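Q: Below, each chain spelled out in residue letters.
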Amino acid sequence: MSQLDKESHIRYIASLDSKRDDYEYWLSEHLRLNGVYWGLTALCVLDAKDTFNRSEIISFVLSCWDTKAGAFAAFPGHDAHVLTTLSGIQILAIYDALEVLSKKPEDSVGSDDMKTQCVAFLQSNQLPDGSFQGDRFGEIDTRFVYAALNALSILGQLTPTVVDPAVQFIQQCYNFDGGFGLSPGAESHAAMSLTCIAALAVVNRLDVLSPDQLEDIAWWLCERQVPEGGLNGRPSKQPDVCYSWWVLSSLAIIGKRDWIDFDKLREFILSSQDPKKGGISDRPGNEVDVFHTCFGVTGLSLMGKDDLIEIDPVYCMPMSVTRTFKKYPYEK
Amino acid sequence: MHGVKRRELTQDLLSKKKARDVEKIVIYRSLTQRVLEAKKNEIYTVEKLSTASKLLELNPEFNAVWNFRRDAISHLRSQLSIEFWDQEINFTTLQLKSFPKVYWIWNHRLWCLNEYPGSPVEKWQQELALVNKLLTMDPRNFHSWHYRRIVTTRLEQMTHVSLNQQELDYTTDMINSNISNFSAWHRRATLLPKMFALSEISDQKEFIKQEQQYITNAMFTDAEDQSVWYYIKWFVKADCVLKVVSAEEYKALLQELKDGIVMINEDEKEFSGKQNIWCLKILCYLETIQVEELGVDLKPMKSEYLAKLAEFDPLRKNRYKYLDEK
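So the sequence lines, in the order shown, correspond to chains A and B. If you read the first sequence in my numbering, its first letter stands for residue 1, the second for the next number, and so on. If you read the second sequence in my numbering, its first letter stands for residue 333, the second for the next number, and so on.
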């Protein structure tokens, strides 16, 4: 298969919310808001943003508000988390609807507006060593550092008190092989490499990486491409379409996108399409899902293939949206 | 979904699945409703905990339910026996055996250990046995390795006894049983600097010699795999090595490694007519150190290696072009 079947991917994403007869639909409720972000981003890249109903989606985002924590959960009645808060903010930003956050949330009297509460929630999850926990239960991961900085950046609310320790923490997650782990001492992993590199890019601090480090990072990343053309997340692991994003966006951020073979990667992504019902899977022959569909098409966009809308490797959102973000450090 | 084979269901199988799903959905939604209601109204009872268990058995990724569970346990704390805590930990053991890659389960287990009355050393020691078991099932599971690091760090803090030697031996065992286990090589490379710094290695020079022998054996055993090559890349630039060897010893070490690598590559040429791309990559790397950092007078081969790499490893040809032009 040498074509990106745009129409059937758009149809597949559009159909996701109508699968209520499937057990799997209910099992994935805890990822619903993230799923909406993946679906919407894929649709934007496929130039089909209007497939989703804007006002319905914005209402859904707002219905995920967790009054107790003051941030977004994956689904109404669930608990807020740094990751889902980022998804909610990203969706609103894509729809140019961040102004809805300047209202006070429903059923709460006398509290701050939602934006103020989100910022407080994100900041309150930063720990003294600069890392972030995902929520009040203390799990630490560079994914949460990236998510928090990313969300604060979209809201234009980064400050040196948050940024400086976070940057120091990220530097501690760098490994001798040129990758980054989920915490200091953890093995390098391509997804965590992206979270660290993109987090530094969000706060405009890539300069903390030396030229030698950048070369080692790019080396480690380009070694993720396997003979089948796909990229893996760690040495001796199988290729997976989502690494088309984690690896390629990291390379793009440090200006070494062409250190992997585009045509071979494209072939791998395209052979992971489901020709019947649309969507893209982790690797050829597997069941598709919206996560891999998103990172398959965003990967193709980063390679400038298939006439797709341009994606920002730092934020994984359309360039047209991220261009409007205030760049840190902010002018006084 | 990772690693789920796509299935083409026939119309018949599809309607059977739908019929089964109807029942499953009713059960799942009813459990969800009950737990989320209890959560909303802060009804923390043992009965609600058991409803939450049923739900988590169906969906261990449901983080809000884990959160409810912790809130309920914290609330009931004074009424809970030691047996309860052991059962709770056991619940996560069973869950991890089925879902060893679910972050939330690991996270909950860690919470239990921290909150266990008195958080005794013995409890933490038992954790190593669990991690060993899970790493036998999947020696690359990074959750297991991460948890292992947390547990050993905690044990060291509690007992003031270093576990570095024990952990180093563990990486040796893991590598010996599978040389391409990069997770174990990674752990090894993070342990050694600590051991050198804490003077836990009695004869440091001798140790480095033995380590050089160990990695030489490894690269002769499996030259195709990346793991040992990354480790070599670390080893030749590691501060703990550089501090111990003299300039002459360092030069000799690099040259000996190179000689071994050249030998492996020659074998490959004879055997397949091709060259081993990792041999070439590391030869470039070592030669750069020799020439640029040590000023060793040698016949430079780098351009030749890079040309061969562009030929035999075309996926990364732009990197080789960049290095050649640099």
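Quick caveat, the hints were computed from the structure, so don't treat them as lab data. Fair warning: there could be bad hints in the mix.
[Stated by the list, open to error] No more than 30 angstroms apart at the CA atoms, straight line, and that leaves these computed lysine-lysine pairs for DSBU-like:
hint, chain 1, residue 1, chain 2, residue 2
1, A, K19, B, K653
2, A, K264, A, K276
3, A, K277, B, K350
4, A, K332, A, K6
5, B, K569, B, K601
6, A, K264, B, K653
7, A, K276, B, K350
8, A, K277, B, K348
9, B, K386, B, K455
10, B, K569, B, K541
11, A, K68, B, K541
12, B, K640, A, K264
13, A, K237, B, K386
14, A, K49, A, K237
15, B, K569, B, K465
16, A, K264, A, K237
17, B, K601, A, K19
18, A, K19, B, K349
19, A, K237, B, K455
20, A, K68, B, K372
[Stated by the list, open to error] Covered by chain B, according to a simulated footprint, are these stretches of chain A (three or more residues, beta-carbon under 8 angstroms):
hint, region
21, 49 to 56
22, 90 to 100
23, 158 to 171
[What the hints assert, rightly or not] Here are the computed distance ranges between Cβ atoms for each label pair:
hint, chain 1, residue 1, chain 2, residue 2, range
24, B, P525, A, S236, 21 to 27 angstroms
25, B, Q587, A, S210, 42 to 48 angstroms
26, A, P165, B, E447, 24 to 30 angstroms
27, B, Q411, A, S63, 14 to 20 angstroms
Remember, it's a predicted structure, so these values are computed and weren't measured experimentally. Idealized CB from N, CA, C, for every residue including glycine.
Q: Each of the hints needs a verdict: does it hold here or not?
A: Against the structure, the hints:
1. Restraint check for K19(A) and K653(B): not satisfied, since their Cα atoms lie roughly 50 angstroms apart, outside the 30 angstroms limit.
2. A distance of roughly 23 angstroms separates the Cα atoms of K264(A) and K276(A); the hinted pair therefore holds under the 30 angstroms criterion.
3. Taken as a hint, the K277(A) and K350(B) pair is honoured in the structure, with Cα atoms around 18 angstroms apart against an allowance of 30 angstroms.
4. About 44 angstroms separates the Cα atoms of K332(A) and K6(A), which puts this hinted pair outside 30 angstroms; it is violated.
5. This hinted pair checks out: K569(B) and K601(B) have alpha carbons roughly 29 angstroms apart, not beyond 30 angstroms.
6. Annotation: proposed proximity of K264(A) to K653(B) holds, straight-line Cα distance about 19 angstroms (limit 30 angstroms).
7. Distance restraint check for K276(A) and K350(B): the Cα-Cα separation of roughly 20 angstroms lies within the 30 angstroms cut-off, and the hinted pair is therefore satisfied.
8. For the given pair, K277(A) sits about 20 angstroms from K348(B) by alpha-carbon distance, which is consistent with the 30 angstroms threshold.
9. With a C-alpha separation of about 26 angstroms, the suggested pairing of K386(B) with K455(B) holds against the 30 angstroms cut-off.
10. Of the supplied pair hints, the one linking K569(B) and K541(B) holds, its CA atoms being roughly 15 angstroms apart against a limit of 30 angstroms.
11. With a C-alpha separation of about 59 angstroms, the suggested pairing of K68(A) with K541(B) is violated against the 30 angstroms cut-off.
12. A C-alpha spacing of about 20 angstroms is found between K640(B) and K264(A), which places the hinted pair at or below 30 angstroms, so the restraint holds.
13. For the hint pairing K237(A) with K386(B), the CA-to-CA distance comes to about 34 angstroms; that exceeds 30 angstroms, so the pair is violated.
14. Between K49(A) and K237(A), the direct Cα distance comes to roughly 34 angstroms. Violation of the 30 angstroms bound is thereby established for this hinted pair.
15. For a cut-off of 30 angstroms, the pair hint linking K569(B) to K465(B) is broken: about 34 angstroms separates their Cα positions.
16. With a C-alpha separation of about 18 angstroms, the suggested pairing of K264(A) with K237(A) holds against the 30 angstroms cut-off.
17. Annotation: proposed proximity of K601(B) to K19(A) is violated, straight-line Cα distance about 56 angstroms (limit 30 angstroms).
18. Among the hinted pairs, K19(A) with K349(B) is consistent with the structure: their alpha-carbon atoms are about 13 angstroms apart, no more than 30 angstroms.
19. Between K237(A) and K455(B), the direct Cα distance comes to roughly 33 angstroms. Violation of the 30 angstroms bound is thereby established for this hinted pair.
20. For the hint linking K68(A) to K372(B), the alpha-carbon distance of about 10 angstroms falls within 30 angstroms, and the restraint holds.
21. With a cut-off of 8 angstroms between beta carbons, the region 49 to 56 of chain A has 0 residues touching chain B; three or more are needed, and the interface restraint is violated.
22. Residues of the region 90 to 100 of chain A lying with their CB closer than 8 angstroms to a CB of chain B number 0, which falls below the three-residue condition for coverage.
23. For the region 158 to 171 of chain A, the proposed coverage by chain B is not satisfied: 0 residues have a C-beta within less than 8 angstroms of a C-beta in that chain, short of the threshold of three.
24. Range check, P525(B) to S236(A): about 24 angstroms between beta-carbon atoms, so the 21 to 27 angstroms window is met.
25. A hinted range of 42 to 48 angstroms for the beta carbons of Q587(B) and S210(A) is inconsistent with their spacing of about 27 angstroms.
26. Distance hint check: the CB atoms of P165(A) and E447(B) are about 27 angstroms apart, consistent with the given range 24 to 30 angstroms.
27. Checked against the given bound of 14 to 20 angstroms, the beta carbons of Q411(B) and S63(A), roughly 36 angstroms apart, lie outside it.
Hints 1, 4, 11, 13, 14, 15, 17, 19, 21, 22, 23, 25, 27, counting from the list given before, are not met by this structure.
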